[in-house]
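Q: Residue-level listing of the chains:
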Amino acid sequence: MRHSAGLAATVAFALSTAALPALAQKQGGVLKVTHRDNPPSASIHEEATISTVFAFMPAFNNLVIFDPKEKRNSPDKIVGDLAKSWSYDATETKLTFKLHEGVKWHDGKPFTSADVKCTWDALAGRAPADSDLIRKNPRKVWYINLKEVTTSGPHEVTFVLGRPQPSFLGMLASGYTPVYACHVSGRDMRSKPIGTGPFKVVEFKRNESIKLVRNPDYFKKGKPHLDGLDFKIVSNRSTRVLGFVAGEFDLTFDSDITFPLLKDVKSQKPDAVCEARPTNVHSNLIVNRDSPPFDNPKLREALVLALDRKTFSDILSQGNEIPGATLLPPPAGVWGMPRTEMEKLPGYGPDLEKNRAEARKIMVGLGYGPSKPLKIKIATRNIAIYRDPAVILIDQLKAIHIEAELEPIDTTVWHTKVQQKAYQVGLNLTGAGVDDPDVVFYENFHSTSDRNYTAYKNPEVDKLIDAQSSERNVEKRKALVRELETILVRDAARPPINHNVANTCWQPFVKGLVLQHNSIYNGWRFEDVWIDR
Amino acid sequence: MGAYLTRRVLLMALTLFGMSVLIFVMLRLVPGDIADILVDSAGIVDAAEKAKIVRELGLDKPIHEQYFGWISGLARGDLGFAYVSERPALEEIAPRIPVSANLALLALIYSVVLGVPLGVISAVRQNTALDYGLRVVSLSGLSLPSFWLALLILMASVQWFGTIPIYKVEPRSIWDEFLLLSVPALAVGFRSSALIMRLTRSSMLEVMRQDYIRTARSKGATATSVNYNHALRNALLPVVTIIGIEAAFLIGGLIVTETVFNIPGVARFLVEAILWRDYPIVQNIVMLIAFITVLVNFVVDMAYMVLDPRIKYAD
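So the protein lines, in turn, are chains L and F. For the first sequence, my numbering assigns the number 1 to the initial residue and increments by one for each residue that follows. For the second sequence, my numbering assigns the number 1001 to the initial residue and increments by one for each residue that follows.
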């Protein structure tokens, strides 16, 4: 835990120094950025990957946004973007936004409240039948409480909610939540999107590059500072890193520098600015609880007790991963459990041998032992970031009389396999678009969610998710959230392993970039970034 | 000769037809299709959304209908639409062909220019220090994986020259392109040059033991004349065969080199398209490769006649 404690201190320091004194920004220059892969499309609403958000968030605006100057996204740090102001009615079910006037889409058409209504009608599944604006909708569950969007003139829009939902504004503030140009076809939004943002997309060459240029008509005067953004898609990580070291690129892809790589980068380029931050992506187990042998809760409990989180962290990230339950723990996370509480959860206590002895006792009680191990398969996506922890897991399960075999699944059919329940135990990664209980719990554990891949159904959990979601008192809500986290861990719903931490590096002349420490999906507008040379 | 050529052309057409069926069927045997991937990339499992995509892309049609749709489009010069970018496949593939073609051509030139003369020198100076040295170089060429060699070149460039020879901007002139592709072409061509060198050496050694070489020497022909006019010409037949085969194999080397040097060529694009099950892109690129391979084989067969006038293709 030495490294994790050190990292926690670093994160705390980084968060405390968020509000740095502003320097005089210089105008001009094109920021050269590496990109790890070809984004599936440019349509942020249709994708669930940082590959899309990282490159295309600069083309858009939200209604509101997490304060880009703050490193930690939190509900009290939300600022206006296309909205000048916003307010709730007395029942806190009507959220009205006053919109900036004179805002134009990149094609010169005026932005109005109709665009906002049309975007959320599509997201809530109420778009006209012939609309192709949003072909797939991975975050539909975010809007299950959205009853209606109404407009009052071209510059006022109201979101009508079914019940109070304090998280709703936070979801609108995510990098995943831009306002779309509804006069543009879905196909164009996927290939060369039109936004209102600080940069216009001029080119999206598949597998090659993404180029954006400064939007001279941007409604925020004096912004952006850069003339453009040039994302070069470099699929080989070694080439990307060498290119950065050679000075060909100004900024690495988000969280692209692992801890072993960081040493190389710093030794070859000592002036590089590198920042470690939690990605709010965590590794976890998915357990097929509907068929034997893991329909037995005792066996699931044994799995949870076998996990040695420190070893995962030591091997995968030189001890920098953060142990936690489902939500990212503090100081980076807003809602996660503090360590003292977490250590009371099964499998989280510091005495690993005691946990494993308990697990072995369960296994022996179920008829397994050294001479009769339980033979299972650990399914995972056939990608290194999934396979590596899966191999460690296989090794750890040996300690509790489980003999596991790796079953790498072609990444294209991973979710289909999981949906069909064609697995026993799987190693999975889960990312959070917003560090928020509604986002995490509704998406992954509510029985009605499309993204509840494991089809976890627990009426008590559903009820608690709804209860915390409507709770307006922050402390009471935190108590409900902790209760939920405890149930999910005890029930081995998706036993969490660790929260990932990774590094992003940039050249020393790149200024104004603030990495957000509790979600990689936010903070990539680039409108405050400038080059000092 | 005319009848032979007609037979060859028909055989080429038959081969291409077989390839088209094979690639079409094999692609569809691989688990997962574009709809699976599009839905999976969004991390959702909504059956209705997936079914809509399947319908939109025509993947719900019977397989023979899909095949004839593709082949008839191909005959009209319509390669269909790329599933991922939703742009015409031709627009996606066409700009990448010259990049890979130039790289492959340059790599082939390097491998011949290096392989043949060094093979001759190695044979002529058999069992000298020079021969041993060249054999070590050729062995290393055969044993170094091209991705490793490419990465080594990149690391050395960064370390010693502070720059990295990867594809950063589109070249503005042929000279720019030559400079840009030279290093990657060397990385690809090194292996082929090693193979060509070894084959040239062994072929030369065999030829140089023939009676007519001894006769030429006894008649007072110079060493250069014997080596190049008498020996090399006759030693080249197997070398030309291997050059033809290597030309077809180059595409494998290009995939790795284009990835490491970040070259936006058709080989790297093919791999990405396979991963995405972007059928229109994969089918058309594989057909293009098949066509080139068949054509190169044909050209090699024709080259035999030029190199050895004794060879005649009977009608």
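Hints are computed from structural coordinates only; laboratory data are not their basis. By construction, the Cβ of each residue, glycine as well, lies at the ideal position given by its N, Cα and C atoms. Worth double-checking, as some hints may not be accurate.
[As the list claims (entries may be wrong)] Below, simulated DSS-like cross-link-like pairs (lysine-lysine); rule was C-alpha separation at most 30 angstroms, straight line:
{"#": "1", "chain 1": "F", "residue 1": "K1219", "chain 2": "L", "residue 2": "K192"}
{"#": "2", "chain 1": "L", "residue 1": "K421", "chain 2": "F", "residue 2": "K1168"}
{"#": "3", "chain 1": "L", "residue 1": "K511", "chain 2": "L", "residue 2": "K478"}
{"#": "4", "chain 1": "L", "residue 1": "K417", "chain 2": "F", "residue 2": "K1168"}
{"#": "5", "chain 1": "F", "residue 1": "K1168", "chain 2": "L", "residue 2": "K205"}
{"#": "6", "chain 1": "F", "residue 1": "K1168", "chain 2": "L", "residue 2": "K140"}
[Claimed, not checked] Ranges of calculated distance between the beta carbons of each label pair, as one might list FRET restraints:
{"#": "7", "chain 1": "F", "residue 1": "R1028", "chain 2": "L", "residue 2": "D217", "range": "43 to 51 angstroms"}
{"#": "8", "chain 1": "F", "residue 1": "R1087", "chain 2": "L", "residue 2": "V391", "range": "46 to 54 angstroms"}
{"#": "9", "chain 1": "F", "residue 1": "F1291", "chain 2": "L", "residue 2": "V391", "range": "58 to 66 angstroms"}
{"#": "10", "chain 1": "L", "residue 1": "L406", "chain 2": "F", "residue 2": "L1142", "range": "31 to 39 angstroms"}
{"#": "11", "chain 1": "L", "residue 1": "A384", "chain 2": "F", "residue 2": "L1014", "range": "56 to 64 angstroms"}
Q: If any of the earlier hints don't hold here, list their numbers in rising order.
A: Numbers 1, 2, 3, 4, 6, 8, 9 and 11, in rising order.
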